[in-house]
Structures are given as structure tokens and as C-alpha cells.
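Student: One letter stands for each residue in the lines below.
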Amino acid sequence: MAFSEHWHIRTFPFSLGPDPSFSVSCYHNEEVDMTKSQLRMPAPIRLRELIRTIRTARTQAEEREMIQKECAAIRSSFREEDNTYRCRNVAKLLYMHMLGYPAHFGQLECLKLIASQKFTDKRIGYLGAMLLLDERQDVHLLMTNCIKNDLNHSTQYVQGLALCTLGCMGSSEMCRDLAGEVEKLLKTSNSYLRKKAALCAVHVIRKVPELMEMFLPATKNLLSEKNHGVLHTSVVLLTEMCERSPDMLTHFRKLVPQLVRILKNLIMSGYSPEHDVSGISDPFLQVRILRLLRILGKNDDDSSEAMNDILAQVATNTETSKNVGNAILYETVLTIMDIKSESGLRVLAINILGRFLLNNDKNIRYVALTSLLKTVQTDHNAVQRHRSTIVDCLKDLDVSIKRRAMELSFALVNGNNIRGMMKELLYFLDSCDPEFKADCASGVFLAAEKYAPSKRWHIDTIMRVLTTAGSYVRDDSVPNLIQLITNSVEMHAYTVQRLYKALLDDISQQPLVQVASWCIGEYGDLLVSGQCEEEEPIQVTEDEVLDVLEGLLVSNLSTPVTRGYSLTAIMKLSTRFSSVNRIKKVVSIYGSSIDVELQQRAVEYNALFKKYDHMRPALLERMPIMEKTASNGPTEIVQTNGETEPSTVEAKHPPPVTQPTNQANDLLDLLGGNDVVPVIQTTIPTKPASAGGELLDLLGDLSLSGGPAPAPPPSVPTSQPPFLLDGLTSQPLFNDIAAAGIPSMIAYNKNGLKIDFTFERANPNPNIAVITIHATNSTEAEMTDFVFQAAVPKTFQLQLLSPSSNVVPALNQGTVTQVIRVLNPQKQQLRMRIKLTYTHKGSAVQDLAEVNNFPPQSWQ
Amino acid sequence: MADVLLSDSQKAESLSPPSAVTGGLDMNSSLGQSIRFILIQNRAGKTRLAKWYMQFDDDEKQKLIEEVHAVVTVRDAKHTNFVEFRNFKIIYRRYAGLYFCICVDVTDNNLAYLEAIHNFVEVLNEYFHNVCELDLVFNFYKVYTVVDEMFLAGEIRETSQTKVLKQLLMLQSL
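Here the protein sequences line up with chains A and B, keeping their order.
Note that UniProt numbering numbers the first sequence so that position 435 is 435, with each residue one more than the last.
Note that UniProt numbering numbers the second sequence so that position 98 is 98, with each residue one more than the last.
Be careful, since some hints might not be right.
Part of the chain B face toward chain A, derived, beta carbon under 10 Å [stated by the list, open to error]:
#, residue
1, Ile65
2, Lys78
3, Asn110
4, Leu114
5, Thr162
Calculated from the structure, these hints are not laboratory results.
Each residue gets a CB set at the ideal place from its N, CA and C atoms; glycine is no exception.
With the hints as constraints, model all of the structure from the sequences given.
Tutor: In C-alpha cells form, the structure reads like this:
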């Protein structure tokens, strides 16, 4: 035969010595290491002996040593072209390979074994090829020839070996070359070969899908086969073809009646010993047919119609006491779910799954939950009926069952069953392993948000989650809950009381502690007044509440964020409680905290007590109701609850040329027009607010003291929005912004007092010029009680914001800044009259000046 | 090393049906064979049989073997016989000190494969007359033959125990 000749020609080189074109690199290297003395070996030890020896090894190192020694012996034996022991050597090599040792130098030996005429040689050779060779090897070409020869061998077992090897490790090139042989064998009458060929064809199609057509003619008679093995593999082949090609799928739809008939025979036929498993005839074939039916019936009304009856029969007639029966039922359910089945059948299928849930076998419960999870969206009501069984699975011991039961339970929650389901799920949350807590907690939050029957229930539920699984909840749950609480005005007293009690029990759950701190800060007055309607009010004194909050500040369990919440809460209580002195003391202590964030907060609050005490009640007023943002708005809430102003630390000492106006505008914009409008008595519609100066002041150079400057008549009188402090954002308040192209000017320079103007155009409205004054003092004494006033002609409108201080330090060591906003709708040339009053070296100074030399850019 | 990498990418190409495959181990799950590999391991993690129906590097094979051992041996009787494994699942059964594991697609019928494992073990038991771990150790190549008689190309090939045993005896006599 042509091929065998070819083969011999190709094999000759390595029987004469290693041929570089075929050898593997390790083969080569070892060549060098070998000494001649090792080459003279006695007969190699037998496989059994080797295995036994290796098993005596007590340590890994010992085993490795033994194997290295044996490998060396095998190598030299290979090199001697020892035909007698090749099979034994390769077998030993394969054993060592299975233990995880490299054995690739045996690849060529496998090929030689395959080429041998002895079946035992061939068998080990093919086994070696399947284990040692992979697609990248050059020897594949040789393999192809070997397999081709053997596919045409006269012995079916040799042919079988070749088919098996091709089906296991055939590369796409091999498949292309050998597909013809496979197709031929698929048409033989020999069922032993036919079933192997069918699966080999499956492998060929997987590797080279375009070869599919080739097997089409051979499929014609496959299903009329009586032999179960052939039928089984044929169904696998048909499935493969249908899954890969829509054309094939359409083509094979006509086989549905035939498949239905085969299935019917299987379930109706009595005992057939050959393929019987636990009294069910060939369950594996049944499963495969059901699977093929699923593919054929999917999205096809006629096919689905044709299989409805048989599916119902299988579903009702299958014996379910054993796993096999359930395997078939399971496959049936999957098929019913996937095809266009009748609604009655679908309910039947879900009821089967429901029955699975009650099964003692955990595996069956598992597959039931997995499938219910898949179908819960489409057949919600049918699944809903099994709710209690599903909930019971939460108590299962297997984590995978628990997880699925949990997911399914959440999928089943709706407005009608929310109370009951949540009770179960909260109980589960309480007792479940840590790995479930985070998912379960967020599931509860989502469900509660969607279906909460009442606000009180909602708050209770979330609080319950925070107390039981507080450390596992996601970060945004704190602001979410705060928002929820704020907006439930009638629940404030109840909530704060509940949270206070929770704090007394446990201060380790940080999210809970944060929410509680916030609420006590906001609603501390309700707490001490004991006016809770929802439950028995508790009697607490102000000192007790402060004790708890201070406890949080010093507790090791508290995170820095929690401490921040706590300090702010204490601060807020200064307007709600009478014990202001105690609060002042606490706040001042933390002015020197090593935690920068806490320190800054304390310093700011301290300043609030000292310098702006008149503003304090307004600033610390209760939070307004927050509007729910679409995006679950955690960030907004974080900003508005006054807890995050990280960037202000660096900005504390602004350089003299800072122009904070724009940032202040941003800030005011952020607070939202609605809340701000009532406090601005102005007719300018686009002017959002005016109080930024106070705020800047507050955060500005705190070493200075003073109060806001009175505004001159033309300016718009302003007051502060009540929640400035809460409105602080993490926006960069004091970033330098160059006065976009407008040159600055000196407006006044007399007696050591110099006033510079810098300009900026208000972004949203070009008619507004924003002027920042910078007052510096070059004398040796500071100027106190400094007040800057300005007036403009009637065509303009002017708004004067608060100054950063009323003391201008001596020797140019500091600057007082103040922002003026001028509305200039007619774009007239800007003129301004300014009045300056201050006390210098004990005497009051007053001066007037007119400023006319504004740069044109500032008003055009 | 370059050699190995190259072959890896080639492998990924040839393995994958037209849809994207990101790497050698990301075995495509929507299409393709059911069984990716069959493993028999003892409790200590020694491999008693490893049959691969996908192409892997030796290193990858070793890694998979270790991973399977790690996920399967920690489970006890109260757990199901299924473990999610990468984007597949492992159906396993423990017989004495041996774990029989089959790695299949997530969409495959768990219960049927569980039955297939049992079927396989029953054949082994019959073939070796009360099989024990040592039988598998000393006759590992025969175990491979049994696998090849019952599975091919990642699919179940023959389910009849009598037929398989008959063929095995024929093969042995050759």
C-alpha cells in the first residue's frame, strides 16, 4: 500500500539515529548529558515493578530521584532502538507522566509503537499518542498516516483504536485529511465501528465545521438503527449538526416524528437488560433524544406541537424513586421550558421542579433551584406556588443550594408577600455564612425599596439589616438610609429612639453607628423630649446622649468616618441641647486631634462657636427633605449631610489672589434654587444666591477675627441659607483661578492701605462682573474694624459679599478679601465710589474714593 | 517558551468555534462537546486517570488537576455532587478514597452525568472484580481503555455495561 511505504520511508531516519527534523528539543539535550556507560543496560524493569518501587518512595524528593533514574534508563533504551521493550518503556513513561513528570521524549516512540503490527504495541502507542501528543507536534503528519492506515485495517479493534484516537486528539488538519475515512466507517454495517465513527464525526465537525455537509448523506439511515449504542451516538451527531447550522436544523426538523417514536418505544418497552439502569430502559438515550427534541422544537410551532404529547407522557410515566428517573425528568423539564410548549405542560414542568425541591437528594434539589431560577421570569406565577418550599431551601446545608434558594427567594418577592418573605430572608441573613451576607443585605435593601408596605416597616427592615449584618452592607447604604429617614418626617422621633437603643447595644457595626450618630445629631431634641408615638418613649437625659456620642469618638471600634459623624452630631446638638459648654469643650479638644479630618472639623466648629455664634442656630438647623435622585443618589447625600469636606484642609490659607466667587456660586447652585430663593431679596433672576461670602469667611483664615461688613445701600441685603454647613461639598472651594484675561487694577492706595481689584466674569451670566477686592496693609500696625463699602450708579446693581476678615494685618502679612458682584445689563462703563473705614493705631480713619479706571474688559 | 506561547494561540483558534475564545482555558461553553475532561484522583490528590477532551498544555493540565482536587476534596456528604468550576461545572462522585470527576458544560444535565459516572464505576468494578484503588494504579492503561470504550470525543459512547465488558474482554485477548 502506498501509505505504508510512505510511512516506512519516513520512519527510517529515526531508527537510524535522531533526525533533527523530528526530534523534540529535550531529546536532543539529553543526548549530550548521557554517558556511554549508561547505555549498556540489563532488561528494563517491568511496569508493575516500577509502580511498586515508586510507591515505596516516602518523600517527594525520593520519588523524583527514582523517576529521574528510570527516565534515564528509558532514554538510553529508546536510543538503542530496542524494539522488545519499547512498549514496556512507553507504558512506564505514561505512568510517570500521569504522576506529573515530563515524558515528551517518548512521543516518537509512541509513533513507532503505533506502526508496529502487534495490537498490544498499537494500544500503548495510541494511548501514548493521546496522552503525550498535542496539536502542535510535527509528528502529527506521521500520526495522520498511521491513523489512516489503521482506519483501513482489517481488524475492527485496530480501526476502533484509530477512530478513538482521532476523536480524542485529532487536529483540524488531521480531521480534514481523515474525514473521508470516518464518513466511510459511518456507513458500515459494523455497529462497533459505526458508533465510534459517529462520535468521531462529531469531533471532525467541531474542528472543521465546513466538513459537516459531508456527513449529511450518512445520517439518513442512522435513526432506523436498532442498536442503542449507534442510536445514541447518532443522536449526538445530529445534535451537533443542528446546533452548529441553522440549515441543518431546518433540515432535521422532519425527524421529529421519528424521534418521538423512538422515545415512545423506550418508555413503553418493558425490561431490556442490556441498557437498563435501575429499571429504566436506556436513560442516557432518552436524555439525548429529549435534548435533540429541545433543539428542534425551539422557536418552531409545528415541531413543538408534535412533541407535546410525548413530553407529557415522559413527564408523567417516569419512575422517580431513583436518580436516573429524575435525570430524565429534569431533561424533560428543560425541553418543555425551551420549546413552544402548551401552558399546561409548562405548569406540569414547574410542578416537577417543585416536587424535586422536596426530594431527599440534595443534587435533585440543586438542579430544581437552578432551573426554577432560569424560568422564574417567564413563569412567575407557577414558580410562586412553590415559594414556601423554596424558602425552606434557605436552611439547606449545601452552600450552592442556599445561594440559589436565596436568589430565587428574592426573585419571588412582591408587594403581596414582602412581609413574610422578608421575615424569612432576614432570619437567613442573621444565621447565614459571611459569604452570603453582602448579597443578602443588598437584596433586602432593593426589595424593601421596591415593595415596602410602609415607611416604618422600611426603616425597621433596614435597621434590622444594619444591626445583624452591618459590616457587610455596601457603602452607599448609609446615605440611602439617612435620606429615607430624613424624608419620613413623622418617623423621626421613632427612628432616633430606635437607633439610640441600637447604639446602646452595639457600637461595632459601623454603618449603623454612622446612621445613628447622624440621626441623634439631627433629632436629638426629639430623643430627649421623649415624644415617640410609635412605641414606648424612653427617658434619656442630654448628658446620656452626649456620653454615647463621645463614647463613639474615643472607641477603638470606630472608624475615622464614624468619628466624623459623631463629632458633627455633637456639634449639631449644641443648638438642640442646653449643655452647650460641654459641647464646646469636646469640640475644642478635637481641634488638636491627630486625625486631620477630625481636627479640621473641630477647628471649623470651634470657629463657629467663637466668631459666628449668631449664625450657629441657622447653620445647624434641621436638614430639609431631600429629593430622591434617580441614581439612588448616594453621593449627593454624602455631600449634603455635612460629612465630607476633605479638600478644605489644603485650602485653609488661601493665597492673596484667590477668587473664590465662582466656587461659591457652584456651591450655591448645588444647594438648589428652591431653598435659596426666599432669602435673597433681589429682582435679578439669574443671581442664584449671595451668601457664599459668609461661608468662605467661615472656612477662611481662621486666625483672624471679625464679623461681616455691612453692605452699602445699593447692595442687596443678604442672609444665610439655614443649612450652609450642611451644604459644604468636597468641591475645590479655594482653587486658584486666574482672572480670565482681565487685568487687575489698583483701586486705592493711601496711608499704607492698598486695595487691588481682580476681575472675573460670572459664568452663567456675562452681565455680571465679579470683582474681588484684596486689601493689604504696609504699615507697622494692623488695621482693625476694617469695613469696605461700595456704591455704583443706578444703572448698575451691586451685591457685596462678606469680607474674609475685618482686620488687615500689618506689614503686608495678610490680605482681606471681599467679593463684589456687579450686574451691568446695559454694559455701561463701570464706575464705583468706595468708602473705607478702619481703626489704625487707636484712631478711627474714614476715607472716600472714586474708582473710574476699570479695565474695559471688566464691563464690556 | 516562545514555542509554547505560539502553540497556545493556535490552540485557541482551532478549539474555538467561530465565536471568540479569550484563551486556552476559556473553554467555549455555548457550543462544543459536553465533557472537557475526566479525572480520577485519590484524596491526597494523586491522579489515577486524566483523560482530556480538550487541548491543554502540560502546565495547564497540572494546574487544572490541582484546582479540581482543591475544590472537590473540601466538600463533604452534605454538599451536592456538583461544583461550579471556572465557567464549567464538575460533576463528581466519591467512591471510597477516590474521586471520579467529569468536567462538563454548565448547561449539561448534572443528573445524567452523575449516572454516567456510576455506570463507569460499575463497569470498572465488574472488569476488575471488586475494583480498588490499586487496581487502577497497576492497570492504569486498562482504565484508559475502559474510558475509551465508554466515552469518545467528549460524549458518552456506550452505556450498556454488558456490551462494554464484552468488548473489553475481546480487547484483552488480543
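Student: So, for every hint listed, does it hold in this structure?
Tutor: Right, here's what the structure says about each hint:
With 10 Å as the threshold, the beta carbon of B/Ile65 comes within range of chain A, its nearest partner Cβ sitting at about 8 Å, so the hint holds. The restraint placing B/Lys78 at the interface with chain A holds, with a minimum CB-CB distance near 4 Å, inside the 10 Å limit. Given the 10 Å rule on beta carbons, the hint for B/Asn110 holds: about 5 Å separates it from the nearest Cβ of chain A. Annotation: B/Leu114 was flagged as interfacial toward chain A, and the flag holds, the nearest CB pair being 6 Å apart, inside 10 Å.
Checking B/Thr162 against chain A: minimum C-beta separation of about 6 Å stays under 10 Å; hint holds.
In this structure, none of the earlier numbered hints is contradicted; all agree with it.
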